[in-house]
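Chains G and P, in that order, are what the protein sequence lines are. Numbering-wise (our numbering), the first sequence opens with residue 1 and increments by one. Numbering-wise (our numbering), the second sequence opens with residue 336 and increments by one.
Be aware that a few hints might be false.
To be verified - Derived lysine to any residue pairs resembling SDA-like cross-links, with alpha carbons at most 25 Å apart:
1) G:Lys-48 - G:His-5
2) G:Lys-9 - P:Leu-386
3) G:Lys-9 - P:Pro-388
4) G:Lys-232 - G:Lys-48
5) G:Lys-48 - G:Ala-68
6) G:Lys-9 - P:Pro-394
7) G:Lys-52 - P:Gly-415
As the list claims (entries may be wrong) - To list a few chain G residues with every Cβ distance to chain P over 10 Å, as calculated:
8) Lys-9
9) Pro-42
10) Ala-57
11) Gln-94
12) Glu-109
13) Lys-116
14) Ala-138
15) Ala-204
16) Val-213
17) Gly-252
18) Ala-257
19) Gly-318
What the hints contain is simulated information worked out from the structure, not anything from laboratory work. Where a beta carbon is used, it is the ideal one built from N, C-alpha and C, also for glycine.
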Amino acid sequence: MADAHGNFKIESLSSNLLFRVVVAARGFEPLTLTKVDPTQAPLAVRLKPRGKDQLPASRTVFGRVLDARKQPVAGAEVSINGVTVGNSTGYGQQPAGTDLVAVSDSAGEFEIYVAKHFDSVGLEFNAPGLARTKFAGATPGGARRDFVLPAGAALVGRLVRGGKPVQGINVGVASEDRGVESFTGDFVVGTDPDGLFVFPNLPADREYQFYGVLDSLRGTGALSARVVRVGKEGSRTDLGVINLTPGWRVAGEVRVANARTLPVGSRLILGREGAWDFSVIDLPADGRFDLHNVPCEALDLRVGMAGYHAAANQPKLGRLASDRTGLVLLMEPGQ
Amino acid sequence: MRDGAKPRRGWLEAVCLIAAMMLGGVFLGRTAQQPGILRTVGTSGPEVPALAPNAPLPPSTPAFSPPGPNLVGRVVSLQGDPVPGARVLIDAAAPRVGRGYT
Numbered sequence: 001m002a003d004a005h006g007n008f009k010i011e012s013l014s015s016n017l018l019f020r021v022v023v024a025a026r027g028f029e030p031l032t033l034t035k036v037d038p039t040q041a042p043l044a045v046r047l048k049p050r051g052k053d054q055l056p057a058s059r060t061v062f063g064r065v066l067d068a069r070k071q072p073v074a075g076a077e078v079s080i081n082g083v084t085v086g087n088s089t090g091y092g093q094q095p096a097g098t099d100l101v102a103v104s105d106s107a108g109e110f111e112i113y114v115a116k117h118f119d120s121v122g123l124e125f126n127a128p129g130l131a132r133t134k135f136a137g138a139t140p141g142g143a144r145r146d147f148v149l150p151a152g153a154a155l156v157g158r159l160v161r162g163g164k165p166v167q168g169i170n171v172g173v174a175s176e177d178r179g180v181e182s183f184t185g186d187f188v189v190g191t192d193p194d195g196l197f198v199f200p201n202l203p204a205d206r207e208y209q210f211y212g213v214l215d216s217l218r219g220t221g222a223l224s225a226r227v228v229r230v231g232k233e234g235s236r237t238d239l240g241v242i243n244l245t246p247g248w249r250v251a252g253e254v255r256v257a258n259a260r261t262l263p264v265g266s267r268l269i270l271g272r273e274g275a276w277d278f279s280v281i282d283l284p285a286d287g288r289f290d291l292h293n294v295p296c297e298a299l300d301l302r303v304g305m306a307g308y309h310a311a312a313n314q315p316k317l318g319r320l321a322s323d324r325t326g327l328v329l330l331m332e333p334g335q
Numbered sequence: 336m337r338d339g340a341k342p343r344r345g346w347l348e349a350v351c352l353i354a355a356m357m358l359g360g361v362f363l364g365r366t367a368q369q370p371g372i373l374r375t376v377g378t379s380g381p382e383v384p385a386l387a388p389n390a391p392l393p394p395s396t397p398a399f400s401p402p403g404p405n406l407v408g409r410v411v412s413l414q415g416d417p418v419p420g421a422r423v424l425i426d427a428a429a430p431r432v433g434r435g436y437t
């Protein structure tokens, strides 16, 4: 969030990636910047003022964000989760000019604009100290509608290895229900010096996949995905003490059909079926890889390589139940 | 985007979990732990709680990030006035080199 002088800093980004940046503030038109490189010069963002009176009521949802005590919530992020026209609801990319996000002001009020005629939209709300919440059926125009966000439920646990707390590990949860209108998205927190992790405000009363984040566990151990149930609103679910133990080894090489070395920038992607997580491994020129502490769960391996696609009959990992070595992933020219 | 509803079997998993703990660790279903793969996960279960039942909820520790570049910048209006409180959201858009993740 920008400070009193408009300055902002987002720390520790990947040096391998370019980013899409969305900047939003009440009273301004949201701005989207693409392919932003954090290693380059500071970003200069100029926002165009936009009064709520400038928004066509027929294409704008006017709302107010409240907490369970009916107090206004400032700084809530509001985004669109589906636009309904007639009997059809479209998800994903919306028409150019649609607000990707709106932010509530000190009165909890916000407006969000869709750049086409619509009958209703789904909205997702993110606010500190409150549960991420989705609402369906928000209609344009008319009186400002109240959206009440619950505080949610807590999930806690403690990671140990050999009886000692493990600090600095990231653990995640994502709702087991992946339906586009009900999926909560993922939540990731770290473990403190006592190995403790705390998810303070999860959407309550549902099942989640709970897992250790692969990239934070390298060299430490494995924490496979499993289903946990988070209790009712206001409750605390305690997963207890969880032991990290060694995982399996996955090793092999990636080959290309017409060359002895891989193109620069080739990557191996270890995907997880249940966990909302994956790991990207930069491949060396000889294509060899050797992964340790791979969790025992359903996994897949893919290769990202410019100008190549995977040959038929690639080896599959499936549910990992032992070490898998000697894997050969063959790539062929063509997209 | 990963999508599609998955079967709900929470009650079955709970029963299986209890049975598995009693039998020494044989799980069924999505969270299944085969006897041969028990080495990858272990949990002492809720009989060893992470927190005392009446203890206040400690603050959450933010997720850790490996060292990397910082994205810095400034948000101003078209007139050049700072816009305090502007929200800056980022999303990984593309790898710097290569084809990408898919």
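Notebook entry, point to check: Is the nearest Cβ of chain P still more than 10 Å from the Cβ of Ala-204 (chain G)?
Noted result: 14 Å, holds
Margin query: Using Cβ atoms and 10 Å as the threshold, tell me whether Glu-109 (chain G) really stays out of contact range of chain P.
Written below: 14 Å, holds
Checklist line | 10 Å Cβ clearance of Val-213 (chain G) from chain P | finding: 8 Å, violated
Item checked: Beyond 10 Å from each Cβ of chain P, as asserted for Pro-42 (chain G) -> With a cut-off of 10 Å, Pro-42 (chain G) comes too close to chain P, as the shortest Cβ separation is near 5 Å.
Next item on the list: Test the statement that Gln-94 (chain G) is away from the interface with chain P: the closest C-beta pair must be farther apart than 10 Å.
Entry: 15 Å, holds
Margin query: Confirm or reject: Lys-9 (chain G) is not an interface residue toward chain P, with every Cβ-Cβ distance exceeding 10 Å.
Written below: 5 Å, violated
Check: Beyond 10 Å from every Cβ of chain P: is that where the Cβ of Ala-257 (chain G) lies?
Finding: 16 Å, holds
Next item on the list: Could you let me know if the closest chain P CB is still more than 10 Å away from the CB of Ala-57 (chain G)?
Entry: 24 Å, holds
Margin query: Lys-48 (chain G) and Ala-68 (chain G) were given as a pair; does the straight-line alpha-carbon distance stay at or below 25 Å?
Written below: 33 Å, violated
Next item on the list: For the pair supplied as a hint, Lys-9 (chain G) and Pro-388 (chain P), confirm whether the alpha-carbon distance does not exceed 25 Å.
Entry: 38 Å, violated
Notebook entry, point to check: Under the criterion that the straight-line Cα-Cα distance not exceed 25 Å, is the pair Lys-232 (chain G), Lys-48 (chain G) satisfied?
Noted result: Roughly 43 Å between the alpha carbons, so the hint for Lys-232 (chain G) and Lys-48 (chain G) is violated.
Next item on the list: Measure nothing beyond the straight line between the CA atoms of Lys-9 (chain G) and Pro-394 (chain P); if it is 25 Å or shorter, mark the hint as holding.
Entry: Between Lys-9 (chain G) and Pro-394 (chain P) the Cα gap is close to 23 Å, so the pair holds against 25 Å.
Consistency with the previously given hints fails for numbers 2, 3, 4, 5, 8, 9 and 16, ordered from lowest to highest.
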